[in-house]
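Just so you know, the sequences run in chain order A and B. Sequence positions in the first sequence follow the working numbering and run 1 to 275. Sequence positions in the second sequence follow the working numbering and run 1 to 297.
No lab work stands behind these hints: they were computed from the structure. We put the CB at the ideal spot given by N, CA and C, even for glycine. One or more hints might be untrue.
Unchecked claim - FRET-style restraints, in silico, Cβ to Cβ:
(1) A79/A to R204/B: 28 to 36 angstroms
(2) Q39/A to F65/B: 26 to 34 angstroms
(3) A79/A to L25/B: 16 to 24 angstroms
To be verified - Below, a sample of chain B positions facing chain A; criterion: calculated Cβ distance under 8 angstroms:
(4) L11
(5) G30
(6) A135
(7) M282
(8) W284
To be verified - Every beta carbon over 10 angstroms from chain A, so not counted as near; a handful from chain B, in silico:
(9) L25
(10) G56
(11) A125
(12) W137
(13) D149
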Amino acid sequence: MTGWVARPGRWVVWAVVVFFFVNLAGVVLSVVVDSFGTQWFGTWLPDGFTTHWYADAWREFGLSDVLLTTAIVALVVIAVSVAVGVPAAYALARRSFPGKRLVMLLFVLPILIPPITYGIPLATVLYKFHLAGTITGVILANLVPSVPFVVLTMTPFIEQIDPKIEAAARMSGARTVSVFTRILGPLLLPGILAASILVLVRTVGMFELTFLTAGPDSTTLVVALYNSVFAAGIRANQSVDAMATIYTASMLVLLLVALRFVNPTQLVTRIREET
Amino acid sequence: MTAVATARPALRHRLAERGIDRTLLLLVPGLLVVACLFLYPFLYGLQLSFAPRKGGVFANYARFFGDPYLRNTIWTTLGIALPATFVNVLASIPIAYVMRGRVRGKRLLTTILVVPITLGTVLTAQGLIMYGGPAGWLNKVLTVLGVTDQPLPLIHNYTGVLLSLVITGFPFSFLLTLSYLSGIDPSLEKAAATLGANGVQRFRRITLPLLAPGLAITFCLSFVMAFSVFPSAQLVGDPANETRVISIAAYHAAFEEYDYSMGSAVAMLMAVVMLIVIGLVMAWRGTLYRGATGGKG
């Protein structure tokens, strides 16, 4: 904190940060302001303000169905990836075995490779099995990054739980099932909660995989938004922006909830737990 | 796994000694998901790319490299992804360097930075169309300030895609860089300061060499994100010409021409180009890391 005046570098850095935020705010606010405007052409602000675009957007884009689909997809993806990912994370945290590095690599790859690359072959396979275009297909596609994500967030979390606790429970006669439900379950709950919220944010925001596999009845909010932006001109730009604002608002709510449980950096990548 | 269950106790014990026991069965569902939904489609796509609609085994690849409209998508994509990645990573270093210690408002800052990542490219694209458009606020401010007479063409072209990649990509590489920087022991820098190194020397001789391996990873992850740009290239770019990136070509082949074989071939090429760039960066990282630890001790 010493010598602010003597360090012009700091000022430049802060100026860049502020510039970035001002533009970011501009990008987000343009959409929000337009969604409430009656008519906006060439002036600083719209001529008047109204909320009727929201009703339009809700009707035109069938948002109640879209939101329902989004919720179902997200919840099923969370449930399945926790149910599948946590046991796998447990095995990886507690055992070292030949080929463990290979297994880890297999779990890292779907996170490292961008969705659009494996999404195209995946969608092709789903079309082959007549699953693409259905909500099942969308869920299956979204499991690909989510299961490894849960595995990779939970493994370090389980590693820090002392194995002696489990050993003690076993010594006292607990069976495997009760070790899991009575000992590990409660200890794992914070980690599972954090992982679920991260999966939720990522699934709701996941564009590519859902876009490639969704049909007319199985689009999630972000894909509906893309479709409406892409087909702009057919519909009033304001109702597209109204949908964008609904999307932004729901993402921000999820984000606020998520940040109560996890560190901001964890939303981006897997970093060592600081709990 | 069946071998473990049916084998003699002696074998079972020997396996258990090497860490193979029934706990590993817990891995099976997870591995099944990855195998069925990731590995199998990938291999299926690879095989499909060698089974074109017409022509020989390599007909898809021959068509890709023979048709300049398809071939050039590689250069278009690199031409967008590499500058965007460099901007994001290079801008992250000084900012993360200033923020690495205890800075007031750091938590708030990182929180705000997560916003563009969670909002994603689709919303960023729509926002940019409004904000950077001819009648948008950005052009208005620039006109009022006298920077320009007429609105700058910022959207539906190369600039638009680059801007959208910076908006979503910069926070990502910043947060990564920050976490790598926070992992460097501050006492090393203090030791250098005690020995008389000034700020620039400390950064160049101590922090940067220690940070470089992390930067290589940051570069790779940011590059992969930028390389797979799809929604913003479609929405805020010029998807027919200037920003016809390779992912658009793959999507076009697979879902507009319904030539899944060609689409898979382009997707495979996308993965190959990405792997080449990552391989080069990681090779550079290897040389660099050895030099930093072996050289000065």
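Each hint, compared with the structure:
1. A79/A to R204/B: 28 to 36 angstroms: Since the Cβ atoms of A79/A and R204/B sit about 51 angstroms apart, the hinted range of 28 to 36 angstroms is violated.
2. Q39/A to F65/B: 26 to 34 angstroms: violated (50 angstroms)
3. A79/A to L25/B: 16 to 24 angstroms: Since A79/A and L25/B have Cβ atoms about 21 angstroms apart, the given range 16 to 24 angstroms holds.
4. L11: Constraint on L11/B not satisfied, violated at 15 angstroms.
5. G30: It holds, given that the least Cβ distance between G30/B and chain A is near 3 angstroms, below 8 angstroms.
6. A135: holds (5 angstroms)
7. M282: Since the shortest Cβ distance to chain A is 12 angstroms, the answer is violated.
8. W284: Given a least distance of 18 angstroms, the restraint on W284/B is violated.
9. L25: Violated, because the least Cβ-Cβ distance between L25/B and chain A comes to about 8 angstroms, which does not exceed 10 angstroms.
10. G56: Since the minimum Cβ distance to chain A is about 21 angstroms, G56/B lies beyond 10 angstroms and the statement holds.
11. A125: The assertion about A125/B is violated, with a minimum of 7 angstroms to chain A.
12. W137: Check fails; 5 angstroms does not lie beyond 10 angstroms.
13. D149: holds (16 angstroms)
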